[in-house]
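Residue numbers (this note's numbering), protein chains in the order written: chain P, 869 to 939; chain D, 46 to 185.
Think of the hints as simulated: they come from the structure by calculation, not from any bench.
Note that the structure is predicted; figures quoted are calculated from it, not measured.
Honestly, I wouldn't trust all of these hints.
Below, computed lysine to any residue pairings styled on SDA-like, alpha-carbon distance capped at 20 Å [said to hold, decoys possible]:
1) P/Lys908 / D/Leu117
2) D/Lys53 / P/Gln888
3) P/Lys908 / D/Lys80
4) P/Lys918 / D/Arg113
5) P/Lys908 / D/Leu114
6) P/Lys908 / D/Arg113
7) P/Lys908 / D/Phe102
8) P/Lys918 / D/Asp109
9) P/Lys908 / D/Arg183
10) P/Lys908 / D/Thr108
11) P/Lys918 / D/Thr108
12) D/Lys53 / D/Phe102
13) P/Lys908 / D/Glu116
14) P/Lys908 / D/Asp109
15) P/Lys918 / D/Phe158
16) D/Lys80 / D/Phe158
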Amino acid sequence: MAAIRNQIRELRAEREMTQQQLADQVGVTRQTVIAMEQDKYSPSLETAFKVALALGVKLEQCFQYEPRGRR
Amino acid sequence: MALSYREKSLYASLVAEILVYGPYFVFHHQNSLNKVAGMIAAIIVLQAVLQGIIAAFSRNRMTDERDRLIELRGYRAGYLTIATLMVAGLALLWFHAAHGSLSLNHPWVGLHFLSVFFGMLVIADITKTATQIVSYRRAL
Numbered sequence: 869m870a871a872i873r874n875q876i877r878e879l880r881a882e883r884e885m886t887q888q889q890l891a892d893q894v895g896v897t898r899q900t901v902i903a904m905e906q907d908k909y910s911p912s913l914e915t916a917f918k919v920a921l922a923l924g925v926k927l928e929q930c931f932q933y934e935p936r937g938r939r
Numbered sequence: 046m047a048l049s050y051r052e053k054s055l056y057a058s059l060v061a062e063i064l065v066y067g068p069y070f071v072f073h074h075q076n077s078l079n080k081v082a083g084m085i086a087a088i089i090v091l092q093a094v095l096q097g098i099i100a101a102f103s104r105n106r107m108t109d110e111r112d113r114l115i116e117l118r119g120y121r122a123g124y125l126t127i128a129t130l131m132v133a134g135l136a137l138l139w140f141h142a143a144h145g146s147l148s149l150n151h152p153w154v155g156l157h158f159l160s161v162f163f164g165m166l167v168i169a170d171i172t173k174t175a176t177q178i179v180s181y182r183r184a185l
């Protein structure tokens with residue numbers, strides 16, 4: 869699993885936002901949002917900031933870095 | 046299974062490559078410059094038609110950083126494939142030439158080499174496309 873985890877799905881659900889709406893706001897495809905939510909794709913720093921901005925939270929509330937072997 | 050524009054495009058490329066290159070390399074018995082030229086023309090026409098149809102029926106043709114990353118992965122796999130095949134091919138050439146089982150003065154040897162190297166390009170191209178499709182299916 870990726871060392872970078874995120875709460876995109878939970879934060880998006882709280883805001884009743886669809887994957888497509890988030891994708892449009894961030895400027896990525898819906899498939900990329902799906903991949904991020906499944907922790908299969910770690911976005912670039914710029915995209916991570918855009919996701920946090922679209923969800924209205926700070927970056928660290930949306931993305932967490934967990935060094936491998938600590939879980 | 047929701048496919049993005051890029052994924053549909055890749056599946057179309059793979060279908061075109063298999064449809065054109067498959068019969069050429071499986072069924073042909075004699076190397077011919079006309080056949081190679083015909084194959085190149087066929088892949089260009091088929092790709093143009095298929096990609097045109099996909100573009101016409103795709104509302105969202107956007108690509109993003111993940112698409113570019115997957116594209117790079119595909120090109121890396123393709124490069125490694127062609128580099129490996131080239132080294133193996135040159136080693137085989139040296140081996141056969143050294144043992145006298147390959148006459149480099151034969152009039153058809155140029156066409157034979159063209160076919161072999163074109164085959165390497167085809168294998169590398171199919172590897173590139175297949176790697177990209179697998180990357181998309183595995184999310185990356």
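Status of each hint after checking the structure:
1. P/Lys908 / D/Leu117: holds, 17 Å
2. D/Lys53 / P/Gln888: holds, 18 Å
3. P/Lys908 / D/Lys80: Since the Cα atoms of P/Lys908 and D/Lys80 sit roughly 44 Å apart, the hinted pair is violated (cutoff 20 Å).
4. P/Lys918 / D/Arg113: holds, 18 Å
5. P/Lys908 / D/Leu114: holds, 13 Å
6. P/Lys908 / D/Arg113: Measuring from Cα to Cα gives roughly 16 Å; hence the hint holds.
7. P/Lys908 / D/Phe102: Roughly 28 Å between the alpha carbons, so the hint for P/Lys908 and D/Phe102 is violated.
8. P/Lys918 / D/Asp109: Given pair P/Lys918, D/Asp109 holds - Cα atoms ~13 Å apart, limit 20 Å.
9. P/Lys908 / D/Arg183: Holds, at roughly 8 Å.
10. P/Lys908 / D/Thr108: holds, 18 Å
11. P/Lys918 / D/Thr108: The hint holds at about 16 Å.
12. D/Lys53 / D/Phe102: holds, 11 Å
13. P/Lys908 / D/Glu116: holds, 17 Å
14. P/Lys908 / D/Asp109: holds, 16 Å
15. P/Lys918 / D/Phe158: Since the Cα atoms of P/Lys918 and D/Phe158 sit roughly 52 Å apart, the hinted pair is violated (cutoff 20 Å).
16. D/Lys80 / D/Phe158: Distance ~14 Å between D/Lys80 and D/Phe158 Cα, so the pair holds.
Violated hints for the displayed structure, listed by number in ascending order: 3, 7 and 15.
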